[in-house]
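J.: Mind docking chain B on chain A? Use the hints.
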Amino acid sequence: MNSGQNKSFFGRIDWITIGLWFALCIIGLFNIHAAVYDAENPGLFNLATNYGKQSIYIFTALIIGICILIIDSRFFMSSAPVIYFIVVLLLIAVLIVGRNVAGNQAWIPLGSFRLQPSEFGKLATCLTLAYYLSNQTNKNPNMKTLFIGACIVLFPVGLVMLQPDTGSALAFFSLVFVFYREGYLSTGFLIIGGLAIFLFVLALLINQWVIIGVIALLCGFLAFMMRKKRKNVINMLILFVVSSVYVLCVDFAYEDILQPHQRNRIDIILGKMDDPKGQGYNLNQSKIAIGSGQLFGKGYLQGTQTKYNFVPEQSTDFIFCTVGEEWGFVGSVFLISIYLALLLRIVNIAERQRTAFARIYAYGVASILFFHFFINIGMTIGIVPVIGIPLPFISYGGSSLWSFTILLFILLRFDSSRKGTVGI
Amino acid sequence: MNNSFFNRKYVIQGIFIAIALVIIARLFYLQIIDDRYLLSANNNVMRKVIVYPARGVILDRNGQVLVQNEPVYDIMVTPREVKDIDTLLLCDLLGIDSTDFKTRMQKARAHSPYRASQFMKQVSSTTFAKFQEHLYKFRGFYYQNRTVRSYPDSIAAQFLGYIQEVNERDIKKSDGFYRPGDYIGASGVERAYEDLLRGKRGVKNQMVDALNRPKGSFMEGKYDTVAVTGDGLVSSLDKDLQILAERLMKNKLGSVVAIEPSTGEILSFVSSPSYNPNLMVGRELGNNYMKLLHDESKPMFIRPIQASYPPGSVFKVVAALTGQQAGVINEQTVFYCPGGYRYGGGRAIMRCTHVDGATSLVKSIKMSCNTYYGYVYAKMIDSRGLSGPKAYDLWKEALGKFGLGHRLGIDLPGEKPGLVPTSDFYTKRYGNGSWRSSYNISLSIGQGELGITPLQMANIMAIVANRGFYYRPHLIKGIGEKRIVKEEFTEKIFAGVDAKYYEPVIEGMSQAVNQGGTGAASRITGIEMCGKTGTVQNPHGENHAVFFAFAPRHNPKIAIAVFVENAGYGGTWAAPIASMMVEKYLKDTISLPKYIQDRVYNANLLPKPKKPKTPEVKKDSTQTKNKTTAPLKSAALAPKEERSVLVHHSQVRRNHE
Chain A
1 MNSGQNKSFF
11 GRIDWITIGL
21 WFALCIIGLF
31 NIHAAVYDAE
41 NPGLFNLATN
51 YGKQSIYIFT
61 ALIIGICILI
71 IDSRFFMSSA
81 PVIYFIVVLL
91 LIAVLIVGRN
101 VAGNQAWIPL
111 GSFRLQPSEF
121 GKLATCLTLA
131 YYLSNQTNKN
141 PNMKTLFIGA
151 CIVLFPVGLV
161 MLQPDTGSAL
171 AFFSLVFVFY
181 REGYLSTGFL
191 IIGGLAIFLF
201 VLALLINQWV
211 IIGVIALLCG
221 FLAFMMRKKR
231 KNVINMLILF
241 VVSSVYVLCV
251 DFAYEDILQP
261 HQRNRIDIIL
271 GKMDDPKGQG
281 YNLNQSKIAI
291 GSGQLFGKGY
301 LQGTQTKYNF
311 VPEQSTDFIF
321 CTVGEEWGFV
331 GSVFLISIYL
341 ALLLRIVNIA
351 ERQRTAFARI
361 YAYGVASILF
371 FHFFINIGMT
381 IGIVPVIGIP
391 LPFISYGGSS
401 LWSFTILLFI
411 LLRFDSSRKG
421 TVGI
Chain B
1 MNNSFFNRKY
11 VIQGIFIAIA
21 LVIIARLFYL
31 QIIDDRYLLS
41 ANNNVMRKVI
51 VYPARGVILD
61 RNGQVLVQNE
71 PVYDIMVTPR
81 EVKDIDTLLL
91 CDLLGIDSTD
101 FKTRMQKARA
111 HSPYRASQFM
121 KQVSSTTFAK
131 FQEHLYKFRG
141 FYYQNRTVRS
151 YPDSIAAQFL
161 GYIQEVNERD
171 IKKSDGFYRP
181 GDYIGASGVE
191 RAYEDLLRGK
201 RGVKNQMVDA
211 LNRPKGSFME
221 GKYDTVAVTG
231 DGLVSSLDKD
241 LQILAERLMK
251 NKLGSVVAIE
261 PSTGEILSFV
271 SSPSYNPNLM
281 VGRELGNNYM
291 KLLHDESKPM
301 FIRPIQASYP
311 PGSVFKVVAA
321 LTGQQAGVIN
331 EQTVFYCPGG
341 YRYGGGRAIM
351 RCTHVDGATS
361 LVKSIKMSCN
371 TYYGYVYAKM
381 IDSRGLSGPK
391 AYDLWKEALG
401 KFGLGHRLGI
411 DLPGEKPGLV
421 PTSDFYTKRY
431 GNGSWRSSYN
441 ISLSIGQGEL
451 GITPLQMANI
461 MAIVANRGFY
471 YRPHLIKGIG
481 EKRIVKEEFT
491 EKIFAGVDAK
501 YYEPVIEGMS
511 QAVNQGGTGA
521 ASRITGIEMC
531 GKTGTVQNPH
541 GENHAVFFAF
551 APRHNPKIAI
561 AVFVENAGYG
571 GTWAAPIASM
581 MVEKYLKDTI
591 SLPKYIQDRV
601 YNANLLPKPK
611 KPKTPEVKKD
621 STQTKNKTTA
631 PLKSAALAPK
641 EERSVLVHHS
651 QVRRNHE
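First to last, the sequence lines map onto chains A and B. In this text, residue positions in the first sequence follow the UniProt record's numbering: the first is 1, and each later residue adds one. In this text, residue positions in the second sequence follow the UniProt record's numbering: the first is 1, and each later residue adds one.
Bound-form chain A, shown alone (with noise of 0.2 Å):
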């Protein structure tokens, strides 16, 4: 891992990550000329068309990555808070001039084009994340600090949630990774916190009486594998309880806390409403399209699901049915792993800083590419709720190629200006 400082500006950017980004915009823009492709016209290239449109955003994508590779990379880490607090001002300005736009007021109209905030909130959100967390003289995690940098996290979220845009404002809570590796949250933590949100969304989908039998057993029986320490016993006891209580809190807070029209409204998002125009319909139509492409898929522009329209908001958050459909599973595999490809290396990039400010912003990165990617795919079929967030640099839209692409690009800025040997 020597990088030298005699290395060439060229030679110090990391390729493999340019690589794995190039890549997988140019899968995004095949899926979305496959996605509106009309048979009946088919047309030549056209930059009327989302496809065309989505080219020019990649073209001016990289131009904005060369130009982020040329900025010092001092300017990014002392201008965090400035970025913060206009972005702050951009998400108020929205609820007030944005405008809406299937019911979430998330764009700011500029010319012919839409400037959709909250994409940027992620990127200023990592960014002063990293300026506060690296800057405590306390080296040592302290609850402080962790409810600061909370802080910092939660205020976004809560502008966010008020377009109300849910999708993007839970995109937010990925960065616990980011406190989780400096410290401030221990595993057990991460353990409880993960199967809380299990919980939470298994408890609205299923009857709670047959979770808590569920956890019984469970506990029940590790109580029974671990008998032999009577503190295990004890803790199981404690857990089944605990995750009994909870499931039923849940439950209660859900029928009769929740008005009725926001129940319905949670209803749709977890598909559990049988509403084959809403929700449900997207959810059916999506796994449809992706179970009938099979091993190879049906080949390129020749899925007949995506191709009809059958399968809504296809070029954006439903992208990865045109991908499972026309590419099948083996195409389905190829871009989950370079997916996990960009998030390990990310992580690997993170590991090797210098600094505290770019390890933390690189995990921030990682952790909000890992959201978005489990959940957009996730959704599609069928193993999380319909939560409306892009696939990133494959979903078309400027807004949130942009916003990505300068997330990723700053971190490989850190990165190629990193001095000497990974520090320990």
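Quick caveat, the hints were computed from the structure, so don't treat them as lab data. Each residue gets a CB set at the ideal place from its N, CA and C atoms; glycine is no exception. Where hints are given, some of them may not hold.
What the hints assert, rightly or not - Taking CB as the label site, the calculated pair distances span:
| id | chain 1 | residue 1 | chain 2 | residue 2 | range |
| --- | --- | --- | --- | --- | --- |
| 1 | A | Ile234 | B | Ser4 | 46 to 56 Å |
| 2 | A | Tyr300 | B | Pro113 | 27 to 37 Å |
| 3 | B | Val11 | A | Asn138 | 58 to 68 Å |
| 4 | B | Gly63 | A | Tyr300 | 50 to 60 Å |
| 5 | A | Leu205 | B | Cys91 | 47 to 57 Å |
| 6 | A | Val97 | B | Arg179 | 37 to 47 Å |
| 7 | A | Leu47 | B | Pro113 | 42 to 52 Å |
| 8 | A | Ile96 | B | Asn42 | 44 to 54 Å |
| 9 | A | Ile96 | B | Arg179 | 55 to 65 Å |
| 10 | A | Leu205 | B | Val51 | 40 to 50 Å |
| 11 | B | Asn42 | A | Phe22 | 33 to 43 Å |
| 12 | B | Cys91 | A | Leu170 | 53 to 63 Å |
To be verified - According to the in silico footprint, chain A covers these stretches of chain B (three or more CB under 8 Å from chain A):
| id | stretch |
| --- | --- |
| 13 | 16-27 |
| 14 | 36-45 |
Said to hold, decoys possible - In the BS3-like style, the derived pairs of lysine-lysine whose C-alpha atoms are separated by at most 30 Å in a straight line are:
| id | chain 1 | residue 1 | chain 2 | residue 2 |
| --- | --- | --- | --- | --- |
| 15 | A | Lys144 | B | Lys9 |
| 16 | B | Lys173 | B | Lys9 |
| 17 | B | Lys172 | B | Lys130 |
| 18 | B | Lys215 | A | Lys53 |
| 19 | B | Lys172 | B | Lys204 |
| 20 | B | Lys379 | B | Lys204 |
T.: Using the frame of chain A, we list chain B on its own:
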């Protein structure tokens, strides 16, 4: 720098990998293990579009069209696509007003805003031609070709039948072949030859998008099947002869059946009153059908095969032939006619129309002598050394060979068997089995319980013309391209009387027409026609006129039976009609004086309209529908039927069967 938590890198990377594996596992399940989704995808995108074949065309024996298919157009509309159209122009072109337009659009929208639905059904090609010129101006409007039956000459309605949309029962019975909206032959040839006429449906696999809009064919039509047009049929009917017959029978109740004796092909098949078959097509079918069904003169009733009457004097021909074959008379047999036949020990008399004196077999036919046939029947029943019922059974058997008392097997649905009662029927009626000819002597001259359909009458003539045999009368002489004839229609059927016995009868029939006999009114110069009149006693009104004949005497080409209800003497009405038909067919002219022709054309022999008798109509419809009505029930209803003009004979008789 805080790097003491370096190891947590592996936890995080582990989570990433684990989640990726979960996603891959789920994809493996969706895409490889569970193939339900592939099916759903095909269901989503594929619509099987049925391509309807054209129904077979029916031609007459000379290749002239009787039924053809006429293109009509369904105007379709997809409401969502309709934008900025000139409603006024559209209404004008289609002949509707703006409120009508609105209701039609509303109906279409209620069906679906995205899918094409019928805006207007079965628009004629003339209306459509105008509409099509402007079609490009009406966004969202389309058309769909269909065909409907069309009858260029509006003839032979009961023979051709009609088609209608299938009902639940048809669908169930067809084992899923028919679907709602399909058409099926409901009567006549359309029904009898449904399997051949309907053709084979094709299937086009059409791809559609999420809004059900067509998007080209599936796999370039690899799995499509082509629609096959139904087989064409060649009818035995002679169109010109049919037109003439229908004209002659206008405003009369009755039947005309003409058969080519050498083949059994039916040349003319008239049931009067008829109706215009074009009424049973298109949008007005339902209304017209109900009107016809409730018409008191019963145009839906197929008289030639469904009405059965006592044959009257024409039956003497059969009596003369079966008598000779049985050996009870021969060519030389003479009976003396004092103006009637006395029976029952001289207490009763069956009157003759005139005093014929010494009457030979030939003369008995020529003059239609009742006395003579009284003796013949008496000999048949009383002088064969058998008991009355036994002798009667032999007589009945002989009649059966002449096609009486059972269905002939014409290729038309709804044929009735007519009636020759069993000996048991008379035994029951008279209380014991010792009855003799005098008990039912009226049978000897074709009266009493006998019931014969006009088709059976014409068939008797065909037997006489052939001197002893017949082919099953049929209406379709060729099927499909190869003009295949059904096997059952090529079978020569022996009528049970040897050829030598026919000559005296034919001589008598010839004299009846050509030498001042009862059928003199039908004489045609240059053609030796042999005929026999009949006047059927009708206790409910004017007698029925019957005439049957064949011509020419040697090498006969046509056998014909004419039955005119309530027309009086057979010689007056039925004979001229038969004469004109025969001459038209053989010489393609009519030499009868114009005034006689006009008299026939213009005669109105319809019964005076009676007070509407609704129960009767009701009964008749149940009768035709439900053939298995218990005899008891129909017997109970019989007295009421006495008043009916048309079907009383067959109705009364049905309970004896």
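J.: Each hint should be assessed against the structure and marked as holding or not.
T.: Hint check:
1. Between isoleucine 234 of chain A and serine 4 of chain B the Cβ separation comes to about 31 Å, which falls outside the hinted range of 46 to 56 Å.
2. Restraint check, tyrosine 300 of chain A to proline 113 of chain B: a C-beta distance of roughly 33 Å satisfies the suggested window 27 to 37 Å.
3. Roughly 24 Å separates the CB atoms of valine 11 of chain B and asparagine 138 of chain A, a value that falls outside the hinted 58 to 68 Å.
4. Checked against the hint of 50 to 60 Å, the pair glycine 63 of chain B and tyrosine 300 of chain A passes, with Cβ atoms roughly 58 Å apart.
5. Here the CB-CB span from leucine 205 of chain A to cysteine 91 of chain B is close to 55 Å, well matched to the stated 47 to 57 Å.
6. Range check, valine 97 of chain A to arginine 179 of chain B: Cβ separation about 58 Å, and the 37 to 47 Å hint is violated.
7. Distance hint for leucine 47 of chain A and proline 113 of chain B: a CB-CB separation of about 33 Å, inconsistent with the stated range 42 to 52 Å.
8. For the pair isoleucine 96 of chain A and asparagine 42 of chain B, the supplied restraint of 44 to 54 Å holds, since their beta-carbon distance comes to about 49 Å.
9. In this structure the supplied range 55 to 65 Å holds for isoleucine 96 of chain A paired with arginine 179 of chain B, their Cβ-Cβ distance being about 60 Å.
10. At roughly 47 Å, the beta-carbon separation of leucine 205 of chain A and valine 51 of chain B lies within the given 40 to 50 Å, and the hint holds.
11. Between asparagine 42 of chain B and phenylalanine 22 of chain A the Cβ separation comes to about 36 Å, which falls inside the hinted range of 33 to 43 Å.
12. As the Cβ distance of cysteine 91 of chain B to leucine 170 of chain A is approximately 56 Å, the hint placing it in 53 to 63 Å holds.
13. Coverage of the stretch 16-27 of chain B by chain A holds. Counting CB-CB distances below 8 Å, 9 residues qualify, and the rule asks for three or more.
14. Counting residues of the stretch 36-45 of chain B whose CB falls under 8 Å from any CB of chain A gives 8; the rule of at least 3 is met.
15. Only pairs whose Cα atoms come within 30 Å are accepted, and lysine 144 of chain A paired with lysine 9 of chain B is accepted, the gap being roughly 24 Å.
16. Only pairs whose Cα atoms come within 30 Å are accepted, and lysine 173 of chain B paired with lysine 9 of chain B is rejected, the gap being roughly 73 Å.
17. Annotation: proposed proximity of lysine 172 of chain B to lysine 130 of chain B is violated, straight-line Cα distance about 41 Å (limit 30 Å).
18. Using a Cα cut-off of 30 Å, the hinted pair lysine 215 of chain B and lysine 53 of chain A holds, with the two alpha carbons roughly 26 Å apart.
19. The suggested pairing of lysine 172 of chain B with lysine 204 of chain B holds, with an alpha-carbon distance near 24 Å, which does not exceed 30 Å.
20. Using a Cα cut-off of 30 Å, the hinted pair lysine 379 of chain B and lysine 204 of chain B is violated, with the two alpha carbons roughly 72 Å apart.
Of the numbered hints listed earlier, those contradicted by the structure are 1, 3, 6, 7, 16, 17, 20.
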